[in-house]
Amino acid sequence: MLYTNEQLADMVKPDKVHRAVYVDPGIFDLEMERIYGRVWVYVGHESQIPQTGDYVTSRIGRQDVILVRAADGKPHVLYNRCPHKGAQIVPPGDGHVDRHFRCPYHAWTFRLHGPMLSAPLRAGYEGTAFDPADEAFWLRRVARVASYRGFVFASLSEGGDDLVDFLGGAKAAIDNLCDRSPVGEVEVAGGVFRVWQNSNWKIFYENLHDTMHAAVTHESSVVAARDEYEASMAGQDMPFVLHIMAGNGEPYQFWEKLAVHAFDHGHGYMEGIFDPGGTDRDPTSRAHHESLAAAVGEARAREILGMNLHNTIIYGSGSPHTVFQQFRVIRPVAVDRTMVEIITFRLKGAPEAVFERAVTYANTINSPSSNVMPDDVELYTRVQKGNRLDGGDWVSMHRYCGTDRDIPGGKVAVNGTSELPIRNQFAAWKALMTEGGTGCGEAA
Amino acid sequence: MNGIGAVEMDEAIRLKHRVEQFLFLEARLLDANAWDEWLRLFTPTGMYWVPRMRGQQDARTQVSLFHEDALLRSVRARRLANHRNWSQQPPTHGARTIGNVSVTDPGPGTIVVRSSFQMLEWRADNPRAFGGSYTHTLREDPAAAGSFRIEMKRVDLVNCDAIHENLQVFL
Ligand code: FES
Ligand SMILES: [Fe+2]
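Line by line, the protein sequences are chains H and F.
Under the numbering used here, residues 1 to 444 are what the first sequence spells out, in order.
Under the numbering used here, residues 1001 to 1171 are what the second sequence spells out, in order.
Hints in this document: simulated from the structure, not taken from any laboratory.
We put the CB at the ideal spot given by N, CA and C, even for glycine.
A few of these clues could be false.
[Stated by the list, open to error] Per the computed footprint, the stretches of chain H lying under chain F, defined by three or more beta-carbons under 8 angstroms from a beta-carbon of chain F, are: (1) 179–189; (2) 217–225; (3) 237–243; (4) 369–376.
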C-alpha cells in the first residue's frame, strides 16, 4: 500500500510505534528507497582489497555493488551491472581482475573505476549513438564513497552529510577499534559467518541495546554456563567461554547502571558488559596492554583499553564491537528476512592471542551455531509473527520516555534499561521516511 | 585384491564392522537427542569440529560453526535440556544416514575413519537437509572391549559456507 508522509509520520509517536513498520512490504519498499537510498552504508574494509584489481561484492539496500581497488589506489564502489544488457559483471564474493573488468556476456571492458574501455567489433557501432566516452556506457559508480580508517562506506545519494558528520558520536567506536592496534590499524581476518533471520531488520537494531531482554531471552545459556562452572570447576577462575555466556545473566540492577548513548542518525553505543581493563589476571589482556603501551605509552594505552563499548550501532550498517574486534553487518533482504554478516578483525601488531580471543567470542556468542544468538533470533521471529496479528496496533517504547537528556550530537539515557536507543532509531527513521531529513529530528 | 591374504582380509572386515557399529550407535544417539550419552563417546580431550571453510586447517584463527571441547559440548547439552531454551521449543529432530565408511589410516590404538552422511532435520514446521563427510579419529575404548572413543569428530558440510539459519544440535 502507498502511504502519505502524514501517514508515515503518524506511525511513530514519541513513546510507541505502529506494528505496520515491521510487517508491511510496502513500508519495506519505501525504506529501501528513503533510508537505504540516502544514508551512508558500510560496504567493506580496505584490507579486503589490498592490491589494484582486488574486489569484493557487497550490497547497499537492494543494490548489489562491487568494492574495488582502482588504479588510483583508492577504493571505488560500482553497481554490479553491465551497461550493455545488464549482466552482473562479477559473481558474488571476492576476487581479482587484471587492470580492467570484462563482462562475461559480450566482452565489453571497463576500467576499474568504471569508464568504458572497449567493445569487440567496434565497426558495428559506427553511425550509432554508442560512445565509450558517454557515462551511459560505463559501469555506474554509486553517488558517494568515503573511507574512514579503512572502513569504506557508500551512499546512493549525492546529497546529505559527509561520512564523518553522519557517523557523529558512533565514530568513536571505529576509532577505538583501530586504536587498540599498536599500529592503529585493523584488517579483516578469520572468515565470515552469514546468518539468515526471518524477521525485520529494525528488530535486530533495537535488540542491540535492549538490556531488558538479556537475562530473560538468554536464561538457558546463562544457566548452562553457571551450572557447568559449578559442576566442573567451582572455585577456579571462570574460563573466558563461560564468562561471556554468563554475562547476560547479570541482575537488573547491573543493567540499570550501564551508560547508554544515542546519537543523531539513529546511532549509539552502550557501556560494555565485560570489563576489559579489569582482567589484569588474564594473560591475553595483559599481553595486549603491554604491546599497546610499548607503542603509545602507558597512559594512552590505559585510556584506549579502558574505553569499554558494547554493540555500537551505526544505523543502516550494523554493529561494530570494539573489545572483541567484530562488525555485525545487517542487510535487509525482505520485510521479514534479514541477512547478518559477522566479520572479525585482527589488530595489526597486537599479540595473536588477542585475535584468537575474537574468533572464540564470535564462535561462542554470535555464530549461527552459538548457544546465545539462536534465542535472540527465535524472539525476533516471534516479534515478526506477533506483529502480523490484529492483537493490537502499537509497539511500546515507553521505558524512561521523557527523561532522555541532551548531549552534543545526541542524547544519554538516565537509566541503562531505557528504551532511548529505540526511540532514537525511530526519530531517524521518521525523519528519513517523511521528508528526506537527516534523522536529527525529535520524534514528534 | 593387491595380494592381501585371507587372514588380513578377515581382520579388515572385522575392523570395518566394529567401526560401522560404532558410527551407527553414535548416529542413533544423535537421532534420539540423547546428548548426555553421546558426550560419553568422547575421550576427555576429544574435540568436535564443524569448519566454516572448505578444507579449513585451523580453528584458532578462523571461525568455525562448531569448535567444541568437553566443556563447550557439555554446556550445549545443558542448554538444550533447559526448559527455557526458547529456540528449541519445539526441539530439533533429525535422522542421520551414514555410508561409504572407510578406515583410512589404521594405526596402533588410533584409527581415522571417513564416512559420508546425510541428515534430515525437522523443527517448527521447517524441514532442512544437511550432508557432507564425517572424519572420526577413534581410539580403542579401554572400558568397553571392542568399542571406541572419539578423539576428534570433524564434520565437513557440503554447505559449510552457506548463509545459515540457526544451527543448534550436534550434527
Ligand atoms: S551484457 Fe555485458 S557485454 Fe553484453
Ligand atoms: Fe540477546
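Going down the list of hints, with the structure as the test:
Only when three residues or more bring their CB closer than 8 angstroms to a CB of chain F does the claim for the stretch 179–189 of chain H stand; here the count is 1, and the claim is violated. Chain F is given as covering the stretch 217–225 of chain H, and this holds because 7 residues of the stretch bring a CB closer than 8 angstroms to a CB of that chain, at least three being needed. Note: the stretch 237–243 of chain H has 3 residues with beta-carbon separation from chain F under 8 angstroms; the three-residue rule is met and the coverage holds. Only residues whose C-beta sits within less than 8 angstroms of a C-beta in chain F count toward coverage, and the stretch 369–376 of chain H has 5 of them, enough to reach three; the restraint holds.
Of the hints listed earlier, the one the structure fails to meet is number 1.
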